[in-house]
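Asks: Sequence:
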Amino acid sequence: MARTKIVLAGEGGHGIQSVAKILVEAGYAADKNVLYIPNFGVEQRGGVSIAFCQIADEAIGEPRFSKADIVIALSDRAIDRCECYVDENTTVVYDTSVCTKVPQMKAKEIIGLAANKIANEELSSRVFNIIILGAVIKATAVVDMKYVKEAMELALGKKFAVKPELRELNYKALEKGMELIQAKAAV
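Under this note's numbering, residues 2 to 188 are what the sequence shown spells out, in order.
Treat the hints as calculated values from the structure; they're not laboratory data. Among the hints, a few may not be true.
Said to hold, decoys possible - Derived lysine to aspartate or glutamate pairs resembling EDC-like cross-links, with alpha carbons at most 20 Å apart:
hint, residue 1, residue 2
1, Lys173, Glu123
2, Lys22, Glu63
3, Lys139, Glu169
4, Lys102, Glu84
5, Lys68, Glu84
What the hints assert, rightly or not - If you anchor each label on the Cβ, the simulated ranges turn out as follows:
hint, residue 1, residue 2, range
6, Phe41, Leu157, 19 to 25 Å
7, Glu154, Glu89, 36 to 42 Å
8, Gln105, Lys160, 25 to 31 Å
9, Gly62, Thr101, 35 to 41 Å
10, Asn90, Asn40, 18 to 24 Å
Quick reminder that beta carbons are idealized off the backbone N, C-alpha and C, glycines included.
Let the sequences and hints guide you as you build the complete structure.
Replies: Structure, rendered in structure tokens:
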């Protein structure tokens with residue numbers, strides 16, 4: 002892996018920025034070069050939130066990029082906003098339980114996951130973003146799980162200390178996201 006360019010996009014409240022922070026923290030813990038640029042729509046709450054992340058083995062020369070290796074779109078508006086970051090080398094992942102349309106882009110691969118539905122029916126709506134984190138980790142293999150769990154502890158450790166059952170719930174969500182990508186790859 003030279004450099005992995007990731008775009009995460011969703012509506013305010015989807016936890017996009019939290020996923021991005023955990024992702025780059027995991028990359029940093031793995032002794033990689035990382036860069037994270039948050040971007041909020043003019044609406045702030047309720048608008049499209051985008052996170053641009055880069056994780057690399059070498060120095061990252063430019064903060065912005067024109068095309069991503071993977072785009073995660075968690076709403077119809079996010080699909081529209083992220084189309085410009087997709088080309089024939091990009092994997093696009095979208096949530097079929099939130100999005101009402103299928104991305105129509107010239108991409109390497111388009112993967113639909115029902116992450117929000119699974120979070121609500123099998124785990125908790127509060128771990129939807131962690132399912133997405135698991136999907137990103139499995140789809141990119143950008144960083145080892147050990148570092149992801151360390152970053153989750155850093156980000157969520159205080160909540161885990163107050164409610165220890167949240168740790169197990171979040172770890173289950175992480176595994177579920179990885180399983181969803183694995184299942185799509187096996188098809």
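Asks: None of the hints should be skipped; say for each whether it holds.
Replies: Here's how the hints hold up against the structure:
1. Between Lys173 and Glu123 the alpha-carbon distance is near 10 Å, which keeps this suggested pair within the 20 Å criterion.
2. Restraint check for Lys22 and Glu63: the C-alpha separation of about 19 Å stays at or below 20 Å, so the hint holds.
3. Simply put, Lys139 and Glu169 have alpha-carbon atoms about 19 Å apart, close enough for the 20 Å limit, and the pair holds.
4. Of the supplied pair hints, the one linking Lys102 and Glu84 holds, its CA atoms being roughly 13 Å apart against a limit of 20 Å.
5. The hinted pair formed by Lys68 and Glu84 meets the criterion: a straight-line CA distance of about 10 Å does not exceed 20 Å.
6. At about 22 Å, the CB distance of Phe41 to Leu157 agrees with the hint of 19 to 25 Å.
7. For Glu154 paired with Glu89, a C-beta distance near 38 Å keeps the hint of 36 to 42 Å intact.
8. Roughly 39 Å separates the CB atoms of Gln105 and Lys160, a value that falls outside the hinted 25 to 31 Å.
9. In this structure the supplied range 35 to 41 Å holds for Gly62 paired with Thr101, their Cβ-Cβ distance being about 38 Å.
10. Between Asn90 and Asn40 the CB atoms are about 22 Å apart, so this pair conforms to the stated range of 18 to 24 Å.
Going through the hint list in order, the structure does not satisfy hint 8, though it satisfies all others.
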